Amino acid sequence: MTTLLAAVAGWMLVAALLWELRRRAALVADAAHELRGPLTAISLGTEALRRQPAARHRAEALATEVCRMEIAADDVAAAARGRRAVAHPEWLDFARLVRRSGEAWQPAAGRRGGRVTFDWRAGAAAVRADRRRLAQAFGNLLANAVEHGGGEIVVRSRPAKGGIQVEVEDRGTAASRRVRRAGRGRGIAIATRALEEAGGRLVSFDRPGGGRVAVAELPVERPS
Amino acid sequence: MGGGETQVLVVEDDEATAEFLLDNLRADGYRAAAASGVGEGLRAIEVRQPDLVLLDLLLEDGHGLELLDTVRSADGLASRLDPALPVIVLSGRSGETDRVRGFARGCDDYMAKPFSYPELHARIRAVLRRAADRSRRGVLRVGALVVDPITRRVHLDGKPVHLSAKEFSLLQTLAADPTAVFPKEQLLRDVWGYVSMGNTRTLDAHACRLRKKLAGSARPFVLNLRGVGYRLTEAL
Numbered sequence: 005m006t007t008l009l010a011a012v013a014g015w016m017l018v019a020a021l022l023w024e025l026r027r028r029a030a031l032v033a034d035a036a037h038e039l040r041g042p043l044t045a046i047s048l049g050t051e052a053l054r055r056q057p058a059a060r061h062r063a064e065a066l067a068t069e070v071c072r073m074e075i076a077a078d079d080v081a082a083a084a085r086g087r088r089a090v091a092h093p094e095w096l097d098f099a100r101l102v103r104r105s106g107e108a109w110q111p112a113a114g115r116r117g118g119r120v121t122f123d124w125r126a127g128a129a130a131v132r133a134d135r136r137r138l139a140q141a142f143g144n145l146l147a148n149a150v151e152h153g154g155g156e157i158v159v160r161s162r163p164a165k166g167g168i169q170v171e172v173e174d175r176g177t178a179a180s181r182r183v184r185r186a187g188r189g190r191g192i193a194i195a196t197r198a199l200e201e202a203g204g205r206l207v208s209f210d211r212p213g214g215g216r217v218a219v220a221e222l223p224v225e226r227p228s
Numbered sequence: 289m290g291g292g293e294t295q296v297l298v299v300e301d302d303e304a305t306a307e308f309l310l311d312n313l314r315a316d317g318y319r320a321a322a323a324s325g326v327g328e329g330l331r332a333i334e335v336r337q338p339d340l341v342l343l344d345l346l347l348e349d350g351h352g353l354e355l356l357d358t359v360r361s362a363d364g365l366a367s368r369l370d371p372a373l374p375v376i377v378l379s380g381r382s383g384e385t386d387r388v389r390g391f392a393r394g395c396d397d398y399m400a401k402p403f404s405y406p407e408l409h410a411r412i413r414a415v416l417r418r419a420a421d422r423s424r425r426g427v428l429r430v431g432a433l434v435v436d437p438i439t440r441r442v443h444l445d446g447k448p449v450h451l452s453a454k455e456f457s458l459l460q461t462l463a464a465d466p467t468a469v470f471p472k473e474q475l476l477r478d479v480w481g482y483v484s485m486g487n488t489r490t491l492d493a494h495a496c497r498l499r500k501k502l503a504g505s506a507r508p509f510v511l512n513l514r515g516v517g518y519r520l521t522e523a524l
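If you read the sequences in order, they're chains A and B.
In this text, residue positions in the first sequence follow my numbering: the first is 5, and each later residue adds one.
In this text, residue positions in the second sequence follow my numbering: the first is 289, and each later residue adds one.
It is worth saying that the hints were derived from the structure and are not from the lab.
Keep in mind the model is a prediction, meaning the values are calculated, not measured.
Do not rely on the hints blindly, as some may be mistaken.
Unchecked claim - Facing chain B, from chain A, some residues (calculated, C-beta under 8 Å): (1) L43; (2) A52; (3) E171.
Glycine included, C-beta positions come from ideal geometry on N, C-alpha and C.
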């Protein structure tokens, strides 16, 4: 009798858990669906803004941030089914994408008394990847550098064997580094995963004299 | 950029999305207008006669596929709806089943939200190019009857109809203005090349065979107005 009661209680517990999982998945799917409408409007509005010469520069930077939102919305939708968003790889002008990501963070760096500067020595390089994933990777690296690095950011590129290296270097203080360590993980983990999906990798280390350097490495096709 | 006098109708109930879409389309030279529901969309199609429709699915008064069904089932006679009107669906649902359903109901292309405007613009141009090819070919469509003057193929309810050369010429002449009455004299001149009124029995015999070959559909074709001439069909 006791065994029977335990079996029934166990079955009820499993059923309740399954019901709860389904309920949560439906909530996540609904939220993902609700993101698509406003994102469409923002994306179209950004494109309309890009046509105005005075706003073009900012609008292009904004478009890169919209890319990040789009892949996040797709990830949320896929998460309801326990998956990641399906990648849509295309040939990309890598320098342009990274520069636009940097420009998107220029105002935030400016508010901290610094700026994002570019030292691009790798030349033209085409990368085959999902534009939104790379925007996500560099958006996170730059956000991390701006938030914890005191505003002075250098984005540097150089050719590497079979690929390209892009460094995002900040000048964070020891105090900001402690804060970063406390909250570290998510942004860098997302960037690492995004780069790995594009066939690359990410390493980071402390900069001598203060600050942090994140080095993204990706395989590239050079124009023939 | 590509629009010219091309008119695009946006059927979308989200005001911000519709407004920004219109901004971009107009900047690319299209004449663009918006409707927010199925009813308003159908009225706008009849009145404005757009070259292409961008169709959202979840609308304030119904589902976008209802609008698509009404357009595709139009016979081009009872209403001013062109059943071949190019339609691109813009949907918040991106699953394979949703896309397949959209294509099965007759959309020309399907884009999941959020989409990039440059990609949408490229697809608009591709769909319009295909539509222009069709119209250059001069394909005539009268209800379930489709006449292609280039390949000289005729389909009724999607099934091929085999016609002789003269039967095809007679049908092509009648289909150019499907509800107009063509006097026998005119048909003998245009189809047979007779300069004066000849024996109308040749015409009557061909018209009779053509009527029988087109008898499989719900709508009667090749109507004889005794003593006057023929017309392809009647308006509802």
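Chain B contact restraint on A:A52 - CB to CB distance below 8 Å: Since the shortest Cβ distance to chain B is 4 Å, the answer is holds.
Chain B contact restraint for A:L43 - C-beta distance below 8 Å: Interface hint status for A:L43: holds (4 Å vs cutoff 8 Å).
Hint validity - A:E171 Cβ closer than 8 Å to any chain B Cβ: Given a least distance of 29 Å, the restraint on A:E171 is violated.
When each numbered hint is compared with the structure, a violation occurs for hint 3 only.
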